[in-house]
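**Q** Below are the chains, spelled out letter by letter.
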Amino acid sequence: EDQVTQSPEALRLQEGESSSLNCSYTVSGLRGLFWYRQDPGKGPEFLFTLYSAGEEKEKERLKATLTKKESFLHITAPKPEDSATYLCAVPSGGSYIPTFGRGTSLIVHP
Amino acid sequence: DTGVSQNPRHKITKRGQNVTFRCDPISEHNRLYWYRQTLGQGPEFLTYFQNEAQLEKSRLLSDRFSAERPKGSFSTLEIQRTEQGDSAMYLCASSLAGLELFFGEGSRLTVL
Numbered sequence: 001e002d003q004v005t006q007s008p009e010a011l012r013l014q015e016g017e018s019s020s021l022n023c024s025y026t027v028s029g030l031r032g033l034f035w036y037r038q039d040p041g042k043g044p045e046f047l048f049t050l051y052s053a054g055e056e057k058e059k060e061r062l063k064a065t066l067t068k069k070e071s072f073l074h075i076t077a078p079k080p081e082d083s084a085t086y087l088c089a090v091p092s093g094g095s096y097i098p099t100f101g102r103g104t105s106l107i108v109h110p
Numbered sequence: 111d112t113g114v115s116q117n118p119r120h121k122i123t124k125r126g127q128n129v130t131f132r133c134d135p136i137s138e139h140n141r142l143y144w145y146r147q148t149l150g151q152g153p154e155f156l157t158y159f160q161n162e163a164q165l166e167k168s169r170l171l172s173d174r175f176s177a178e179r180p181k182g183s184f185s186t187l188e189i190q191r192t193e194q195g196d197s198a199m200y201l202c203a204s205s206l207a208g209l210e211l212f213f214g215e216g217s218r219l220t221v222l
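Residue numbers (the working numbering), protein chains in the order written: chain A, 1 to 110; chain B, 111 to 222.
Any given hint could be a false lead.
[Claimed, not checked] Short derived list, chain A residues pointing at chain B, Cβ under 7 Å: (1) Gly-43; (2) Tyr-51; (3) Ile-97.
Hint data in this document are derived by calculation from the structure and do not stem from the laboratory.
Virtual Cβ for every residue (Gly too), placed ideally from N, Cα, C.
Model the full assembly from the supplied sequences, consistent with the hints where possible.
**A** Written out as structure tokens, the structure is:
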């Protein structure tokens, strides 16, 4: 069965303290990996799509990377406004429906 | 605003009542998805449409749940005889040809 596992479940950082979130997956024939940001009480907001191992994408303080078995979301010098839950998803099954991980809840303290 | 729109944003109902949620997708998107999310969990797939055809349903979608997408435009998700376990955030998303999903703000259901 296709699975998406995110770690850690929760992460507390001081402002400016860089770190990485992990998303590991077991999907045969990867057709992309999506990263989303979700604020409390709101729908997920699309951040990145990665398609192949070695690919990297950046947006402000966020950089997403992809290997054959996992993806990392690197957060450089985070600010309190980066506090959110970060979700990753992988299209799976015959219909390539995105399967989501449980997310990493990030809190950045000023 | 050309994003995905969901209504109502919040619904409180008593157990046993029926509720309906509406989703208006991004106009040029041909796929529309419904997901359910509970606290501390990622979104869980319920069903999706390609144009007006409902192509897949999750086993989470019991016979009390029904979804429609008439004419391939907006979609509705109806829950009949609600139970307390149905309390969750119901998320709608749309995409173009199976690419990344764009979500609405969600409809939060509370069943008393």
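**Q** For the hint on Tyr-51/A, does the least C-beta distance to chain B fall short of 7 Å?
**A** 10 Å, violated
**Q** Take the shortest C-beta to C-beta distance between Ile-97/A and chain B; is it under 7 Å?
**A** Holds. Min distance 5 Å.
**Q** Given a cut of 7 Å on the nearest C-beta pair, is the interface hint for Gly-43/A held or broken against chain B?
**A** 4 Å, holds
In terms of the numbered hints stated before, the structure departs from hint 2 and from no other.
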